[in-house]
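Spelled out from the first residue to the last, the chains are:
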Amino acid sequence: MDVATIARLQFATTASIHFLFVALSLGLVVFVIAMETAYVVTGNAVFERMTKFWGRLYVVNYGVGIIGGIVVELQFALNWSNLTKGFGDAFGGALALETLTAFFVESALLGAWIFGWGVLGRKTHLALIWLVGVSAYVSALWILAANAFLQHPVGAPDTTGRYFAGFGTLLRNPNLWDAFLHVVFASLIVGSTFVAGVSAWHILKRTGEAAFFRRSLRMAVAVLPVGTLATVHWGMLQLVVIEDTQPMKLAVLETIGTVETIGTVEMSGTGEYAPPEWIGVAYQVMLRTGFGLVLLSVVLVALLFRDWIVRLRVPLHVLVAAIPIPFAVVVAGWLVREVGRQPWTVYGLLTTEQAVTSMAPGAVLAAFLATAGVMLGLATAGYWLIARFARRGPEDNAFGVPLGQAEPAGPPDTAVI
Amino acid sequence: MDVFWYCLLGALFGVYLTLDGTVLGAGMLLRAGGPGERARRATITSFGPFFLANEVWLVVTVATFLAVLPRLEGPLFRSHYHLVAAVLVLWTVRDAAVWFRSRLERPGWRRGWDRALTGASGAFAVALGLLVGNVVTTTPGSEPVRMPLGWYPLLWALTVTVVLLVHGATFLVVRLPGDLIGGPLRVVRRLAPPAAVLYAVLLGAGLLTGVPSHGTPAVAAEATAMAALAVSARIVAARPRIALALTALAAAAPAVLVGLRLEPAAGRSLAVASALDALGGFLVVVIPLVLAVQVWTWWAFLRRIDSRTPVFF
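So the sequence lines, in the order shown, correspond to chains V and D. Taking the working numbering as reference, the numbering of the first sequence is continuous, increasing by one, and the terminal residue is 417. Taking the working numbering as reference, the numbering of the second sequence is continuous, increasing by one, and the terminal residue is 730.
No wet-lab data here; the hints were simulated from the structure. Treat the hints loosely; a few may be bogus.
Pairs of lysine to aspartate or glutamate, EDC-like flavour, derived with a Cα cap of 20 Å [as the list claims (entries may be wrong)]:
| no. | chain 1 | residue 1 | chain 2 | residue 2 |
| --- | --- | --- | --- | --- |
| 1 | V | Lys205 | V | Glu395 |
| 2 | V | Lys85 | V | Asp158 |
| 3 | V | Lys85 | D | Glu454 |
| 4 | V | Lys85 | D | Asp419 |
| 5 | V | Lys85 | V | Glu353 |
| 6 | V | Lys85 | D | Asp531 |
| 7 | V | Lys123 | V | Asp178 |
| 8 | V | Lys205 | V | Glu48 |
| 9 | V | Lys85 | D | Asp723 |
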């Protein structure tokens, strides 16, 4: 294998795993915010228990997400140095602002939220999770601004011949906003399917927390159609932009590789650069599952009437089975967007072959195997823990257990090396 | 104006070393508080609230480096590809150990992750030291370093590891419950003098062998680190917070040498002026805000742990 292939595999593996966790974080934080806000406003202890139960799942998930984020961030400079060399002036600023304005604040405040249970005032604690949530979305916006630049390089070379785009230009990229809203609402689908599915499992198994999970279930099912309809809406709008800016991608998506269409597009001037045809399959999977989820979500909302969703039982089984589906669909979506950009790294300006760092394949392969192996291990362990905590149900020791209770002090003379 | 950007990058890296240095040091010293789960849980809780906020400084350093010096980061990482990749993997293992170890109560699970935490923290410190030593002795953008284990980088690896042990131990003296600080106190007293000696050796070696970038600021940084370590060993019991501020200086000192080494190449690699102006405009607002958030976190949580302190990691 050549260096470019290995480096692409590494990026695809680590970024996909990273995004699985990011999507659930973005979706779940909305519920955690809503629950804690309800708790602080009403003072009802049920909402506190809900916040702690879903909050712990959110935090465990967040941990794997952040580790993946570090791996992805460092890969730009490590494996794609010709990308950063040629276009760092233009999209490096977006990455820097992502970490400075969003990630910086998010990580400091999440630590304070985790350790602030019972230490900080209720309102301060609530403000923390709001800020964590808002900065997570700001973070997603900047990352997508950087990605939108790769899809459609707005800006222009300056007098020295270096490619530059101001922040205003980056944020006005037509490839940004539809994609951002598409990702935001797709994450909401991931989050609400997860909350609904886990709740449905507990109701089916009669784990003794019926009221708790019925409330969570109704909340998630009510939100689900917002996610599905909005995701499809902003997904469709992207086709218009793709037609304008990436005709070859659209040709492959719409026709699964009909020669004539690709021929026509070639004549429109994009050259013979076509993405691989299999992304057409990924696209169809995403599209059809997406429409299926719209239907399902609307039916489920109707079943909230008189609690049929619980009384019929079947919808609960469907919801449990549906938990993994949105995860698969978001990965398909990223494959369409990113592999659909091939063979370009910066569309029309820098090919992927040109972007990669010139290194010995052995070193790149070793780095790939190590990072991808560790990420796969972490993702497995992370999901195993999440499933375990989800099954256990609400527990009082999720957050805010004092050291004296978790680990009572022994006789005083034990503290010696 | 260029100086502002160099200072910003140096400050970001220096603050990273200082802040995450406490976690790396405490990770290596997981067993220093004493035997038993309570001491280990307290050690992890000591850095728990700051853990994410600390490591994020390195992510910010890397991202800002890319924005400010887009034509230097790639070549620099390429020269030190193996070490950077090693740091990345060790970083993920260290983080996984912190996130996962207390999630289950099985003794075997916790023991396994404790070993991973201690091992990865130590190896991380060594790799950071090797990276500093190699960056200081290699021309940025030269061919990949195949053998990063020269005597000078190894000296740095030893120094960084010992200094972070002292720094982490001082942090533990500030944070751990009173009955657990005996071990960390002993570590500071025993290792701070050798750490100061190591900085002296680096200083002498740098001057004698003409290691690049060994100008006045480097000598000043290493001399400051020596003095800070020597003083902190004496005052750590009586004034642990001041001792922590001093060991922080010693932990951050490598940033000065790395910065000086990269400065000539940096001048040729700056991003276009309009890009820097746009970023600068944001930073004037963002930096005070971000600092306020971080300082608030430290103010809210930097007190001695007692039996009522919540645990999580």
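When you check the alpha-carbon spacing of Lys85 of chain V and Glu353 of chain V, does it fall within 20 Å? 14 Å, holds
Against the 20 Å threshold, does the CA-CA distance of Lys85 of chain V and Asp158 of chain V hold or violate the hint? 15 Å, holds
Straight-line Cα separation of Lys85 of chain V and Asp531 of chain D no greater than 20 Å? 40 Å, violated
Tell me if the straight-line CA distance from Lys85 of chain V to Asp419 of chain D falls inside 20 Å. 19 Å, holds
Hint check: Lys123 of chain V vs Asp178 of chain V, CA-CA at most 20 Å. Holds or violated? Violated, at about 34 Å.
Hinted pair Lys205 of chain V and Glu48 of chain V, Cα distance within 20 Å: 23 Å, violated
Given the hinted pair Lys205 of chain V and Glu395 of chain V, is their alpha-carbon gap at most 20 Å? 17 Å, holds
Tell me if the straight-line CA distance from Lys85 of chain V to Glu454 of chain D falls inside 20 Å. 49 Å, violated
Hinted pair, alpha-carbon criterion (20 Å max): Lys85 of chain V, Asp723 of chain D. Please report holds or violated. Violated, at roughly 50 Å.
When each numbered hint is compared with the structure, violations occur for hints 3, 6, 7, 8 and 9.
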